[in-house]
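Number of protein chains: 6
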Amino acid sequence: MPYVNIKVTGGSEAPTAAQKAELIGGVTELLARVLGKNPETTVVVIDEVDTDNWGIGGKSVSERRKEGR
Amino acid sequence: MPYVNIKVTGGSEAPTAAQKAELIGGVTELLARVLGKNPETTVVVIDEVDTDNWGIGGKSVSERRKEGR
Amino acid sequence: MPYVNIKVTGGSEAPTAAQKAELIGGVTELLARVLGKNPETTVVVIDEVDTDNWGIGGKSVSERRKEGR
Amino acid sequence: MPYVNIKVTGGSEAPTAAQKAELIGGVTELLARVLGKNPETTVVVIDEVDTDNWGIGGKSVSERRKEGR
Amino acid sequence: MPYVNIKVTGGSEAPTAAQKAELIGGVTELLARVLGKNPETTVVVIDEVDTDNWGIGGKSVSERRKEGR
Amino acid sequence: MPYVNIKVTGGSEAPTAAQKAELIGGVTELLARVLGKNPETTVVVIDEVDTDNWGIGGKSVSERRKEGR
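Protein chains in written order, with UniProt numbering: chain A, 1 to 69; chain B, 1 to 69; chain C, 1 to 69; chain D, 1 to 69; chain E, 1 to 69; chain F, 1 to 69.
It cannot be assumed that every hint is accurate.
One copy or any two copies: either way a pair holds, since identical chains are not told apart in the list.
[What the hints assert, rightly or not] Below, computed lysine to aspartate or glutamate pairings styled on DMTMM-like, alpha-carbon distance capped at 25 Å:
| no. | residue 1 | residue 2 |
| --- | --- | --- |
| 1 | LYS66 | GLU29 |
| 2 | LYS66 | GLU48 |
| 3 | LYS66 | ASP52 |
| 4 | LYS59 | GLU48 |
| 5 | LYS37 | GLU67 |
| 6 | LYS59 | GLU22 |
| 7 | LYS59 | GLU13 |
| 8 | LYS37 | GLU22 |
| 9 | LYS37 | GLU63 |
| 10 | LYS37 | GLU13 |
| 11 | LYS66 | ASP50 |
| 12 | LYS59 | GLU29 |
| 13 | LYS37 | ASP47 |
| 14 | LYS37 | ASP52 |
| 15 | LYS59 | GLU40 |
| 16 | LYS66 | ASP47 |
Just so you know, the hints here were simulated from the structure itself, not pulled from any lab data.
Whole structure, please, built from the sequences with the hints as guidance.
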C-alpha cells in the first residue's frame with residue numbers, strides 16, 4: 001500500500017520511458033524487500049520538473065547549468 | 001481551509017474540464033458536509049500524470065495498458 | 001488508480017475516525033462516479049496539520065483562532 | 001536541508017523565469033534568516049497548475065476568471 | 001538533486017529506524033544507478049501515516065485490518 | 001491562491017511557534033511582492049519531519065548528526 005513520489009529534473013534531462021520503468025520496478029522491489037509491502041498495491045508517481053522550476057542553493061537549476069554546475 | 005490534491009492518469013485518459021469541475025465541486029461539498037469546512041477557503045489541485053510516470057504493481061501504467069490491464 | 005491527499009487542521013479540530021472513514025468512502029465514490037475509476041486501487045491519505053503549522057492570509061491558524069476567526 | 005514546494009496557477013498566469021528565480025532566492029534566504037538553514041542544501045520546486053485544475057470555493061479558477069473574479 | 005517522498009503506514013506497522021535507513025540508502029542508490037544522480041544532493045522524506053488516515057478500496061486501513069485484510 | 005509546503009527537520013530541531021509564524025508571514029509576503037498574489041488566499045503548510053525520516057546523501061539526518069554533520 002505504500003505511495004512513492006519521485007521528483008527529478010525534466011526537459012533535456014528527463015528520464016526515458018525505460019528508465020522510468022526501471023525506477024518504478026526498483027523502488028517497488030525495495031519496499032517489498034525491506035518492509036514486506038505488497039507490490040500489487042505499491043503506487044509510484046514520477047514528476048519531471050523543468051530546470052527553471054527547481055532551485056537549490058538559492059538558484060534555479062537552469063542558472064546553475066549555465067554556470068557549468 | 002482544507003487542501004486537497006487529486007492525482008489521476010492524464011494524456012488520452014485525462015479528465016475533461018467538465019469532469020474536473022465536477023471533482024472540484026464534489027470534494028469541496030464533501031468536506032463541508034462531513035467536517036463543516038468553509039467552501040470559500042477549500043483549495044483543490046488536480047494533477048494529471050502521464051501513464052509512463054505512474055506505476056503500480058511494479059510496472060508503469062503504460063506497460064499495464066499494453067498487457068490489456 | 002487515483003491518489004488523493006486531504007490536508008485538514010488537526011489537534012482539537014481533528015476529524016474523528018468515523019469522519020475520516022466517511023471522507024475516504026466519499027472521495028473514492030466521487031472518483032468512481034465522475035471518472036469511472038476503480039475503487040479497489042483508489043488510495044486516500046489524510047494529513048492532520050497542527051494549527052501552528054497552517055497559514056492563511058499571512059498568519060497561522062493558531063493566531064487567527066485567537067483573533068476569533 | 002529544507003524542501004519547499006510552491007504551487008501557483010500556470011498557463012497565461014504563469015510566472016516568468018526571472019520571477020521563478022526570485023521566488024527560489026527569496027524563500028531560500030527566508031529559511032536561512034529565520035531558521036539558520038544552509039542555503040546550499042535548500043531545495044525549492046515550483047509547480048505551475050492549469051486554471052482548469054485548480055479549485056477554490058467549489059469552482060475551478062477557469063470558471064472564476066470567466067465570472068470576473 | 002532528486003527528491004523522493006515515501007509514505008507507509010505507521011503506528012504498530014511503522015518501520016524501524018534501521019529499516020528507514022535502508023530505504024533511504026536503497027532509493028538513493030537506485031537513482032544514482034539508473035539516472036546517474038548525485039547521491040550527495042538526493043533528498044528522501046518518509047511519512048508514516050496512521051491506519052485511520054490511509055484509505056484504499058473506499059475503506060480505511062484500520063477498518064480493513066479489523067476485517068482481516 | 002498559491003499553496004506553499006515547507007518541510008524542515010523536527011524534534012529537537014523543530015522551529016518554534018514564533019519562527020513558524022515568521023515563515024508563514026514571510027513566504028506570503030514574497031508571493032505578494034514577486035507575483036502580486038492575494039495574501040488572503042495564500043495557504044502555507046509546514047511539515048516537521050523526524051531526523052530518522054529525512055535522508056540526504058544516502059543517510060538519515062539522525063546518522064549524519066551522530067557523525068557530527
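Checked hints:
1. LYS66 / GLU29: Close across copies (22 Å), not inside one copy (37 Å); limit 25 Å.
2. LYS66 / GLU48: both (20 Å within a copy, 23 Å between copies)
3. LYS66 / ASP52: So LYS66 and ASP52 pass the 25 Å test inside one copy only (12 Å; across, 30 Å).
4. LYS59 / GLU48: For LYS59 and GLU48, the Cα distance is within 25 Å both inside one copy (18 Å) and across copies (18 Å).
5. LYS37 / GLU67: Between copies only: 18 Å across, 43 Å inside.
6. LYS59 / GLU22: Result: close only across copies, 9 Å inter versus 30 Å intra.
7. LYS59 / GLU13: both (18 Å within a copy, 22 Å between copies)
8. LYS37 / GLU22: both (18 Å within a copy, 14 Å between copies)
9. LYS37 / GLU63: Classified as between: cross-chain Cα gap 18 Å, same-chain 40 Å, threshold 25 Å.
10. LYS37 / GLU13: Cα proximity of LYS37 and GLU13: across copies only (11 Å, versus 31 Å in one copy).
11. LYS66 / ASP50: within (15 Å within a copy, 29 Å between copies)
12. LYS59 / GLU29: between (35 Å within a copy, 11 Å between copies)
13. LYS37 / ASP47: This pair counts as both: shortest intra-copy Cα distance 23 Å, inter-copy 15 Å.
14. LYS37 / ASP52: between (36 Å within a copy, 18 Å between copies)
15. LYS59 / GLU40: Cα proximity of LYS59 and GLU40: across copies only (9 Å, versus 39 Å in one copy).
16. LYS66 / ASP47: both (23 Å within a copy, 22 Å between copies)
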